[in-house]
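In this note's numbering, the protein residues as written are 2 to 143.
Heads up, some of the hints might be wrong.
Claimed, not checked - With a Cα cut of at most 20 angstroms, we get these calculated EDC-like pairs of lysine to aspartate or glutamate: (1) Lys22 / Asp86; (2) Lys21 / Glu77; (3) Lys22 / Glu77; (4) Lys21 / Asp86; (5) Lys97 / Asp86.
Derived by calculation from the structure, the hints in this document are not laboratory data.
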Amino acid sequence: MENEKKSSSLGFFMNYSWYKKYLLPGFIAQSVLIAGGYGTGRELVEYFGQYGPTGGLMGMGLTFVLWAALFAISFEFARVFKAYDYRTFFERLIGKGWIIYEIAFVVLLCLIMGVVGAASGSILRDSFGLPPIVGSGIFLVC
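Kindly generate the complete structure, drawing on both the sequences and the hints.
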């Protein structure tokens, strides 16, 4: 009986149009873009902890405000220009330079994958004594 009450309360909340329109897109964007970076908590310690409790909390608050503003501006831009897919969004945002952005993005992606592959090779070498090429190969396969 109590589970039904909780379920109906949550369902009632999620049926609000303002929830779907204003909160849900932000929750999804936050979970996709930020959770991967800050999910372990280690990043918070490394980036914000070095400034002490007050400075760290202020830094986290500023980061929250900046990400929230960026998401709000991006969502409003997409709504105004009806740019609901990736390509249309960047074509409208950057103009003819979107192709240069895409090329730079792919080059950066390859560079990052190379760095991560090399790091995985080094980790497996240090941990298990395997040749670095084996660790990098495992990373590429997975």
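For each hint, the structure was consulted:
The suggested pairing of Lys22 with Asp86 holds, with an alpha-carbon distance near 17 angstroms, which does not exceed 20 angstroms. Restraint check for Lys21 and Glu77: the C-alpha separation of about 15 angstroms stays at or below 20 angstroms, so the hint holds. With a CA separation close to 11 angstroms, the supplied pair Lys22 and Glu77 stays within the 20 angstroms bound. Distance check on the hinted pair: Lys21 and Asp86 sit about 19 angstroms apart at the alpha-carbon level, within 20 angstroms; holds.
Under the criterion of a C-alpha separation no larger than 20 angstroms, the hint pairing Lys97 with Asp86 is consistent with the structure, at around 17 angstroms.
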